[in-house]
Amino acid sequence: MDSLLRTERIPHIWCPGCGIGTVFNALLTAIKDSGYDPDAVAMVSGIGCTGRMAGYIRLDSFHTTHGRALPFATGLKLAKPDTKIIVVSGDGDLFAIGGNHFIHAARRNIDMTVVCVNNFNYGMTGGQQAPSTPLGAKTTTTINGSPEEPFNFCDLAASCGAAYVARWTAQQVRSIRSSISEAMEKRGFGFVEVIAPCPSAFGRRNRMGNALEMLKFYRGRSVIRSDIDTRDAIVDIDREIVVGKFVDIERPTFMDHYEKFNRPQMPPWRVGHPDHQKGR
Amino acid sequence: MNGDEACCEGALAAGCRFFAGYPITPATEIAESMSRRLPQLGGIYIQMEDEIASMAAILGASWGGVKSMTSTSGPGFSLMMENIGLGICTETPCVVCNVQRAGPSTGLPTLIAQGDMMQARWGSHGHYEIIALSPSSPQEMFDMTIRAFNLSETYRLPVLMMADEVVGHMNERVVIPHEDEIEIISRRKPSVSREEYLPYKADDDWIAPMANCGDGYRIHVTGLTHDERGYPAMNAEAQERMVTRLVNKIRKNRDKIIATKNLYMDDVEVVVVSYGISARSAMKAVRDARSEGIRAGLIKLETVWPFPEELFRSVAGSAKALIMAEINGGQMVLELERSVRGACPVKLVSNFGGAIIHPRTILDAISKAAKGKL
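Line by line, the protein sequences are chains A and B. So for the first sequence, the numbering used here puts the first residue at 431; every next one is plus one. So for the second sequence, the numbering used here puts the first residue at 78; every next one is plus one.
For reference, chain A alone in the conformation it holds in the complex (with noise of 0.2 Å):
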């Protein structure tokens, strides 16, 4: 695992506890089983604590602006189109500054794998309230409880088109790497969501234990549904997290429609031209 690693930047600054860990650890070691050639595989992140992933992987990698991952690997991905791309970051980065960015891509069906690391929170800036964070839940910015509904990530992925999408908490390590594998080896835009503990800012503030108490909790309330309508798919942490494979489909890429409109089979189209008939 180490030749995946840059060494020389360990100690990583995440806190004790954190989450990020095991979810980098399930993703280095789908990239190695994967048996492509790391030389072929980048690594793009946004900003957060999952961003950081990005600066410890010997890997071609990036670390870009707050919310802007998906765009830059996108560029990056229709310029070098054998580079296995695989984006990491946060539910913040991905949702919320980056939430238009996440529903075009997946629009688009661009060839790559988001690992979204979902901790209900902002955890970089100390905790505050994210697109994540359950009602009620207290943060920083929310101390009397969140007012506001969270997203279903899962769900808006499959409703904007993404081939590939799962979810799994931070204790099911076995299926997160078998998930990353599959998205890996799906053409088209996969999705896999993590609900990994932050003890040291949104399990503090919600008394929710220590790590291994938050690990077994997110645990506890989930149930394995899959194939389920993502609509179905909720993460309620008062009742149960749905977890699971929710899609799995064959659909063109970007580029599979691309290169279909720009080279095209058909003389130009015009009036009633036979080639151009219904059906045909």
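Watch out, some of these pointers could steer you wrong.
Claimed, not checked - If you only want the chain B side, here are some residues facing chain A, beta carbon under 7 Å, derived: (1) Gly92; (2) Phe95; (3) Pro116; (4) Gly119; (5) Ile121; (6) Ala134; (7) Ile135; (8) Gly137; (9) Pro152; (10) Asn160; (11) Ala279; (12) Trp283; (13) Pro286; (14) Gly291; (15) His297.
Bear in mind the hints are in silico, worked out from the structure with no lab data behind them. Computed from a predicted structure; not experimentally measured. Backbone N, C-alpha and C define an ideal beta-carbon position, used for all residues, glycine too.
Knowing the structure of chain A, use the given hints to seat chain B on it.
The following block gives chain B in isolation, referenced to the frame of chain A:
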């Protein structure tokens, strides 16, 4: 062809094969031309969800080893500032063409201004140096877009083309030279092994050779302050070292970057300074002044940033007055005043946008200056 189309052709001639953009008047024709022409050349055109994404995408494409550009106007230029800063910090070659219209805000979408000149210089946060060019005709849109790519590949930064609505939309003859006559510069590649390579260690000219994604060097690129390895370094010393180099790679190479076009400057009394479309009004005014026997001359700025302050310092010693003609409330004139340091009077001829400056207005200012009545 019009200026926007000439910009597209210049980019293609320079080797641009990736364009990401978002429709905006009066720059839309650049995107439209790119969408037609790039697929013919095996390139990629993509319309992004906004200008933030467009700027991010061209940076990504550039690291993928493909020359890339975007185009926009004021409102989109504002959105691009964030990732122009990322391009500066990560030293990413690319080109941004701003076909300026009148602001602030939505302003006059279809009408001219040159009001984004200071935004071009200082629009992204933090301290840095920038390169910006200003074309005055469709021919210069073609020629300068090639130069913009060459400068961006040489000095490793986003280079800004500060065009304007009139230059973008005017139709004029554009001569496209044979490809052998076009100088194309591409980024310098590392000459050392993977183990020895330091992505942000500069050569003697302050510029660091660039490995692309997939070249096997396993680079790390970040918008955080970084050391020569490209690794984040959160301290004042690293900041001093990094920004010094970002600044010096432009400042120490100013002579190679700065370009001006001079007209009637041999025996000059009154010097008009201008750029973009305003330089053409100024040219007409200077010629008219000459026919009236006034010893007027023109310095047309082809690079607006870095500003040629040494040139103006030397000109100011022998001139009666300097006149800046520009379509804004007075932006580049501030640099002119700063450069001449009171050695001679500096007069601004301008409007706030919506129309070009009439040559007559500039001629009036020249006549007054010649009589010492500024």
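For each hint, the structure was consulted:
1. Gly92: violated, 13 Å
2. Phe95: Holds, about 6 Å.
3. Pro116: The hint holds - Pro116 of chain B has a Cβ within 7 Å of chain A, the shortest such distance being about 4 Å.
4. Gly119: violated, 9 Å
5. Ile121: Cβ of Ile121 of chain B sits 5 Å from chain A, so the hint holds.
6. Ala134: holds, 3 Å
7. Ile135: For Ile135 of chain B, the interface hint holds, since the closest Cβ of chain A sits about 6 Å away, which is under 7 Å.
8. Gly137: It holds, given that the least Cβ distance between Gly137 of chain B and chain A is near 3 Å, below 7 Å.
9. Pro152: Where the cut-off is 7 Å and the nearest Cβ of chain A is about 16 Å from Pro152 of chain B, the hint is violated.
10. Asn160: With Cβ-Cβ at 6 Å, under 7 Å, it holds.
11. Ala279: violated, 21 Å
12. Trp283: violated, 23 Å
13. Pro286: Pro286 of chain B check fails; min Cβ-Cβ to chain A is 16 Å, beyond 7 Å.
14. Gly291: holds, 6 Å
15. His297: holds, 5 Å
Violated hints, in rising order: 1, 4, 9, 11, 12, 13; the structure is consistent with all others.
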